[in-house]
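Below, each chain spelled out in residue letters.
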Amino acid sequence: MAVGSLHHNGLFFRTLTEEQVQDIHRASCEILEQTGMVIHHEEAVELLRSAGAHVEAGNRVYFPTHLVEKAVASAPSRVTIYNRQGKPAMYLEGSKVYFGTGSDTLNYLDPVTGERRSWRQEDVAQAVRVVDYLPQIDFVMSMGLLSDVDRRMINREQYALMLQNSVKPQVVIAEDGDTLKDIIEMAAAARGGKDKLKQKPLFMLYTEPTSPLQQPRESTDKLLIAAEHGVPTNFACGGVAGASVPTTVGGALVQANAEALSGLVIHQLKAPGAPFIYGYGNSPMDMRTMQAVYGTPEAVMFQGGLVNLAQYYQLPSWGYAGCSNSKVTDEQAVMEATMFTLMGALQGCNMMHDVYYMEFGLTGSLEFLLINNEVIGRARRMLDGIATDRESLAVDAIKRVGPGGNFLGDEHTAKHFKENWLPELSDFNSYENWAALGSKTMAERAREKVIAIMQSHQPEPVSAEVQSRIAEILAQARVHVGAKE
Amino acid sequence: MAEFNKMSEMVIAGDFAGVKALTQKMIDDQVDPISIINDGLMPGMNVVGVRFKAGDMFVPEVMMSAKAMAAGIELVKPLIAESNMPTAGKVLVGTVKGDLHDIGKKLVNMMLESAGFQIIDLGVDIAPAKFVEAVKEHKPDVVGMSALLTTTMLSMKDTIDALKEEGLRDRVKVIIGGAPVTQSFAEQIGADGYAPDAAAATDLCKQLTAN
Numbered sequence: 001m002a003v004g005s006l007h008h009n010g011l012f013f014r015t016l017t018e019e020q021v022q023d024i025h026r027a028s029c030e031i032l033e034q035t036g037m038v039i040h041h042e043e044a045v046e047l048l049r050s051a052g053a054h055v056e057a058g059n060r061v062y063f064p065t066h067l068v069e070k071a072v073a074s075a076p077s078r079v080t081i082y083n084r085q086g087k088p089a090m091y092l093e094g095s096k097v098y099f100g101t102g103s104d105t106l107n108y109l110d111p112v113t114g115e116r117r118s119w120r121q122e123d124v125a126q127a128v129r130v131v132d133y134l135p136q137i138d139f140v141m142s143m144g145l146l147s148d149v150d151r152r153m154i155n156r157e158q159y160a161l162m163l164q165n166s167v168k169p170q171v172v173i174a175e176d177g178d179t180l181k182d183i184i185e186m187a188a189a190a191r192g193g194k195d196k197l198k199q200k201p202l203f204m205l206y207t208e209p210t211s212p213l214q215q216p217r218e219s220t221d222k223l224l225i226a227a228e229h230g231v232p233t234n235f236a237c238g239g240v241a242g243a244s245v246p247t248t249v250g251g252a253l254v255q256a257n258a259e260a261l262s263g264l265v266i267h268q269l270k271a272p273g274a275p276f277i278y279g280y281g282n283s284p285m286d287m288r289t290m291q292a293v294y295g296t297p298e299a300v301m302f303q304g305g306l307v308n309l310a311q312y313y314q315l316p317s318w319g320y321a322g323c324s325n326s327k328v329t330d331e332q333a334v335m336e337a338t339m340f341t342l343m344g345a346l347q348g349c350n351m352m353h354d355v356y357y358m359e360f361g362l363t364g365s366l367e368f369l370l371i372n373n374e375v376i377g378r379a380r381r382m383l384d385g386i387a388t389d390r391e392s393l394a395v396d397a398i399k400r401v402g403p404g405g406n407f408l409g410d411e412h413t414a415k416h417f418k419e420n421w422l423p424e425l426s427d428f429n430s431y432e433n434w435a436a437l438g439s440k441t442m443a444e445r446a447r448e449k450v451i452a453i454m455q456s457h458q459p460e461p462v463s464a465e466v467q468s469r470i471a472e473i474l475a476q477a478r479v480h481v482g483a484k485e
Numbered sequence: 486m487a488e489f490n491k492m493s494e495m496v497i498a499g500d501f502a503g504v505k506a507l508t509q510k511m512i513d514d515q516v517d518p519i520s521i522i523n524d525g526l527m528p529g530m531n532v533v534g535v536r537f538k539a540g541d542m543f544v545p546e547v548m549m550s551a552k553a554m555a556a557g558i559e560l561v562k563p564l565i566a567e568s569n570m571p572t573a574g575k576v577l578v579g580t581v582k583g584d585l586h587d588i589g590k591k592l593v594n595m596m597l598e599s600a601g602f603q604i605i606d607l608g609v610d611i612a613p614a615k616f617v618e619a620v621k622e623h624k625p626d627v628v629g630m631s632a633l634l635t636t637t638m639l640s641m642k643d644t645i646d647a648l649k650e651e652g653l654r655d656r657v658k659v660i661i662g663g664a665p666v667t668q669s670f671a672e673q674i675g676a677d678g679y680a681p682d683a684a685a686a687t688d689l690c691k692q693l694t695a696n
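These protein sequences, in sequence, are chains Z and P. For the first sequence, the working numbering gives the first residue as 1, with consecutive numbering after it. For the second sequence, the working numbering gives the first residue as 486, with consecutive numbering after it.
One should not assume that every hint holds.
Claimed, not checked - In the SDA-like style, the derived pairs of lysine to any residue whose C-alpha atoms are separated by at most 20 Å in a straight line are:
#, chain 1, residue 1, chain 2, residue 2
1, Z, K200, Z, E185
2, P, K505, P, G601
3, Z, K440, Z, E374
4, P, K642, P, G608
5, P, K642, Z, S147
6, P, K510, P, L560
7, P, K538, Z, Q291
8, P, K582, Z, P212
9, Z, K96, Z, R78
10, P, K582, Z, V38
11, Z, K440, Z, G114
12, Z, K484, Z, Q121
13, P, K591, Z, T247
14, Z, K327, P, P665
15, P, K591, Z, Q291
16, Z, K181, Z, K270
17, P, K582, Z, R151
18, P, K582, Z, H40
19, Z, K327, P, P681
20, P, K582, Z, G177
21, P, K691, P, N531
22, P, K582, Z, A397
23, P, K591, P, Q603
24, P, K642, Z, D176
25, P, K582, Z, Q291
26, P, K621, P, V609
27, Z, K327, P, V609
28, P, K591, Z, V293
29, P, K642, Z, V481
30, P, K642, Z, R151
Unchecked claim - Cβ pair distances, simulated, as ranges:
#, chain 1, residue 1, chain 2, residue 2, range
31, Z, S74, P, V532, 56 to 64 Å
32, P, E559, Z, A475, 56 to 64 Å
33, Z, E93, P, E672, 26 to 34 Å
34, P, G652, Z, Q476, 35 to 43 Å
35, Z, V112, P, E559, 38 to 46 Å
36, P, E672, Z, A471, 32 to 40 Å
37, Z, Q34, P, K505, 25 to 33 Å
38, Z, T441, P, K505, 57 to 65 Å
39, Z, D23, P, V532, 41 to 49 Å
40, Z, S463, P, D688, 52 to 60 Å
Hints listed in this document are in silico derivations from the structure and should not be mistaken for laboratory results. Glycine included, every Cβ here is placed at the ideal spot set by N, Cα and C.
So that you can see chain P by itself, here it is in the shape it has in the complex (with noise of 0.2 Å):
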């Protein structure tokens, strides 16, 4: 269909008001709206990741694609039922206690969710305690950690010993970035994983949920 390319071109062009207007004629025309996400939203975006992996396209042309797909889907999701809501899997994610920074996390979610996850963020310094609690209510797949000073990423450890005295350890993937974390310091505090940046973390977010 004509309509679904044209809307893809938008989300690569990271024309927001041209997405918006489009999807709400299609969901006029009644076309289905899982459809218009799946042939029209999702397509866009991921040409466009792959354009930034092969570096035709730069990060913040990245975020206005995200940006315009977001759009959209705000605009066809309360026509889906949650069940039916295509995703890749949730993430439940928090800049640790005692750090306020959270650029490179929110990077990380809008990357996460360009690849269809479903993000639950916590926000800017967040205790272990907090992160049990939210574990125990949204139940998610995967738990992202972030912390960009040398003094708070040491505070990591804390909240994968709190998950694991809670039982809860088990049942989640636990994942850490940020400019200090290593794949090294990843190992030592029993993290699952790690990533460099966001656009790895997505890959590492669909390898740990695939398993």
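So that you can see chain Z by itself, here it is in the shape it has in the complex (with noise of 0.2 Å):
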């Protein structure tokens, strides 16, 4: 398959040509075969050595090359996710484009009062009620780390949160192999058994390695725990440019690649074919803040690398969109997560996530993830590129309103206007009309909305016996891990 993304009407975006493509994955593969990977995991190990890899030192793992092909051969091309009333949510293929919120901020921008503050329950579940309304968010991650439970069931409770308040696929952390265990548990109960989570996955993990090429013993725990349930999961290094991944584009794709191709071998060696999404991402570190930043023009040309590297190994992609280092809702935020998101979408990345992230991931705001709904919306129409059918044409239309005439009254533009994009949040109404409605800015404007929904939106619930499964599955997790209710 050639490397590039085709949108529609011949709309078509690539950042690397197929030779660049194969450059990388061969300067990746010889990182592997020569430097190798520290794996911290005694089964992941074996499952290497006794297909062929060298291994010294008990944990130090050199790759061949053919392992890595043999895993990017049996891996599926596409992988379906599906919502929780199992209807198909996510089409990862082609040049197919979702996004998702993010997960684990530690600061919640409350859209009420304004305060910066740490995340409650409730907050949670209605920040993912939030998620569900909005039409163009399409998965729900866990939104913010939960400062009111015991520290050992954050992942678990987080999970819970999101299975009752939304109805979309999820995008899941979890601490450890145990964590990930009762998660599997309870998004079988929604789905109705464990065969059936199988068939038709609600949710994936996101799992990473640690920067330069090592995989802690938790994320390889529950890559072969993911491989093995089939719960569609990537292996996706957060790359610190210049800190822990060159400074270079090239350089941070190689190690990166590298990375995530350690962990396919592995999770394909556990289960071939078992659905593996593949990406990574690039936060550059900032050499006067020492701040890994989010969205730089070097992060987006990277995932424009990373999407062409899914297509050449015919994967699906993962990557990131929406996201910004500002602290408020200002012009910073919208540029950052703008770009983001518009260069997301043309690279064709089949799952972006992160929208929504303010201050490097370590805030998230609800009104801000309303103005990315909105821009989603854009970049999602221009996707459709222009067609070029008779119709489209308006030939005939043309000849019909002739010299001097007017398309408005023609049964043209009734037909096709509604085609085009409609505002929802940006404001296109003349000065004195905004000035009557109270001259709000777009963030005001997003904020009363974010309230309206909070108040408004009621998602469908789960049912009472999947309800009492969690609190059950919750209660046995609280005696396991010895927290208090």
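Combine both chains into one complex, guided by the hints.
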């Protein structure tokens, strides 16, 4: 398959040529073969050793290229994720694009009070309900790190809140293997059994190596459990260019690709054909502030490269969009988020997350999420490209209206104008009408709408039976980890 | 002395080989080893610190300067009795249990070393018991814990509790850092301090060891 994303009506976008992609692939294979990875997981090291990898010092694994190529060949080229109702929600294939939020922010920008504070369970529940409402947001993540539950229970409680407050599919973070197993139990309860969950995945696991070139025990554990249960997973490093990955975009791609492929090899050795989502991130280090920064031009280009690599490997792709370093919903926030979202859409990245992240991912803002929802709507419209069928070329309408006429009264306009993008939050009023409505900025309008959604939107609830099963799983887990209610 | 100025300039420029050669020459010329540190290497690093804070130098350049200074120190160190070695204090650092991230921590180490602190780095994935053991062994002034993951930062409290149980908590200052860590989290778990970045961590250690 050629690299590049073909959208509708001939709209095409590509970051790297096929030759460049091959150069990166070969460089990553060279790293895996000669430098290898340190893998803190005995079963994974044994899987690799018996498949033909060279192991030194117990956990330093050198990957022969044939193992990489075999894994690439056995992983599926497309994955479908289904919502809680069992309907297909995301076809991770070709150049289709889907957007979702982020997980575990420390601070919540309360839309009612404007306060920046830690997250409570009711906040996450409300935020997830807002995600459930928004038409352009396709999947949900945990939004915020819960401050009001026992710390060993955080990821499980987050999952229960996601499951209960939205029908949309989820991407989950799990602290360890046991947490992941409980999340699988909850998802299976909602789906009606583990077999059905395997047939129709409801969530994707987000797990990661530690750059450079290490696989922590917990991540590898989760990777193997996901493979075994057919839970789609990525193995996505969060690179920090100049610190944990090279500062050049090409070098960052070589290393991040090597790390993702090392995960893929283990994953496919455990369960050939299990669904794997290829991707990773890069937040380059700002060399003045030492911050890992989201959505720099280099980070956005990097994502274009990874999507082309995913296409070369024929794997679904995972990336970022709609995120920012700004502390408030201001010009910087919207600029950074919009560039990433539009570019990600053009790149054809199948799953993009962190839409709604502010302050390098430390803070989440729902009003910012609403603005992003509108940006995604605009971007998706652009992916339609320009239709050039006879009706769209409007030759008959042009002839009908003729010199000096007016399209406003023509049936062609009435028939087609709704194909064009319509704003929800963007203001297209005259100055006088805008002033009469209170002279509100977009952020103010977004905040008002968030509050209205919170008050009115009722997501479809889980059944009483599923609800009690979730409560049971959580109660057992509390006993297991020794947590208080 | 012109050679001290030259050495400072070389530290500022991150001239690793130059600093090494000049230090060796000074040693051969019987220059006082402590003076090599205090009058040659440190003044250069102090300028680097000021320029970095002003935004005139960037982190990779500071790293090169620190490396150059370390090359000089390595040569003079064997010539100085340990008790005479100029030090701002001893800092024991480690990444907490379950976490393998250590780039931020290394950055902090580098900044602290440049400011004259002695660093004992336990490495990554350090369980509370290991911190306790190391505190007993090394008797540091400050213990620094690092975590990058929201899932691992929560174990910082376990280390603080373990230090309490062993009756060591009052003998050391505990500081924490890492992307998800905040001042309020530090207060919540009973740490003595938090720094948002490596430069601030240096100031924090100076402040805590001065008291």
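Comparing the hints with the structure gives:
1. K200/Z <-> E185/Z: holds (14 Å)
2. K505/P <-> G601/P: Holds - the C-alpha atoms of G601/P and K505/P are around 19 Å apart, at most 20 Å.
3. K440/Z <-> E374/Z: This hinted pair holds, its Cα atoms lying about 17 Å apart.
4. K642/P <-> G608/P: holds (18 Å)
5. K642/P <-> S147/Z: holds (15 Å)
6. K510/P <-> L560/P: Roughly 11 Å separates the two Cα atoms, so the pair holds.
7. K538/P <-> Q291/Z: Given that 20 Å is the threshold and the Cα spacing comes to 15 Å, the pair holds.
8. K582/P <-> P212/Z: The given pair, whose Cα atoms are some 18 Å apart, holds under the 20 Å limit.
9. K96/Z <-> R78/Z: holds (11 Å)
10. K582/P <-> V38/Z: holds (17 Å)
11. K440/Z <-> G114/Z: Distance of about 16 Å is within 20 Å: holds.
12. K484/Z <-> Q121/Z: Holds, because 15 Å separates the two Cα atoms, which is no more than 20 Å.
13. K591/P <-> T247/Z: holds (17 Å)
14. K327/Z <-> P665/P: holds (15 Å)
15. K591/P <-> Q291/Z: Answer holds: K591/P to Q291/Z is near 14 Å, not above 20 Å.
16. K181/Z <-> K270/Z: holds (17 Å)
17. K582/P <-> R151/Z: Satisfied, since the Cα-Cα distance of roughly 15 Å is no more than 20 Å.
18. K582/P <-> H40/Z: With Cα atoms ~13 Å apart, K582/P and H40/Z stay inside 20 Å; holds.
19. K327/Z <-> P681/P: holds (15 Å)
20. K582/P <-> G177/Z: holds (16 Å)
21. K691/P <-> N531/P: holds (14 Å)
22. K582/P <-> A397/Z: violated (70 Å)
23. K591/P <-> Q603/P: holds (13 Å)
24. K642/P <-> D176/Z: holds (19 Å)
25. K582/P <-> Q291/Z: Outside the cut-off at roughly 23 Å; violated.
26. K621/P <-> V609/P: Cα-Cα ~19 Å, so holds.
27. K327/Z <-> V609/P: violated (31 Å)
28. K591/P <-> V293/Z: holds (19 Å)
29. K642/P <-> V481/Z: Within the cut-off at roughly 17 Å; holds.
30. K642/P <-> R151/Z: holds (11 Å)
31. S74/Z <-> V532/P: 56 to 64 Å: holds (57 Å)
32. E559/P <-> A475/Z: 56 to 64 Å: Since the Cβ atoms of E559/P and A475/Z sit about 58 Å apart, the hinted range of 56 to 64 Å holds.
33. E93/Z <-> E672/P: 26 to 34 Å: violated (49 Å)
34. G652/P <-> Q476/Z: 35 to 43 Å: Given a distance of about 37 Å, which is inside 35 to 43 Å, the answer is holds.
35. V112/Z <-> E559/P: 38 to 46 Å: This hint is violated: roughly 58 Å between Cβ atoms.
36. E672/P <-> A471/Z: 32 to 40 Å: holds (34 Å)
37. Q34/Z <-> K505/P: 25 to 33 Å: For Q34/Z and K505/P the Cβ distance comes to about 30 Å; the hint holds.
38. T441/Z <-> K505/P: 57 to 65 Å: With Cβ atoms ~58 Å apart, the hint holds.
39. D23/Z <-> V532/P: 41 to 49 Å: holds (42 Å)
40. S463/Z <-> D688/P: 52 to 60 Å: The hinted range 52 to 60 Å holds for S463/Z and D688/P, with Cβ atoms some 56 Å apart.
Checked against the numbered hints above, the structure violates hints 22, 25, 27, 33 and 35; every other hint is satisfied.
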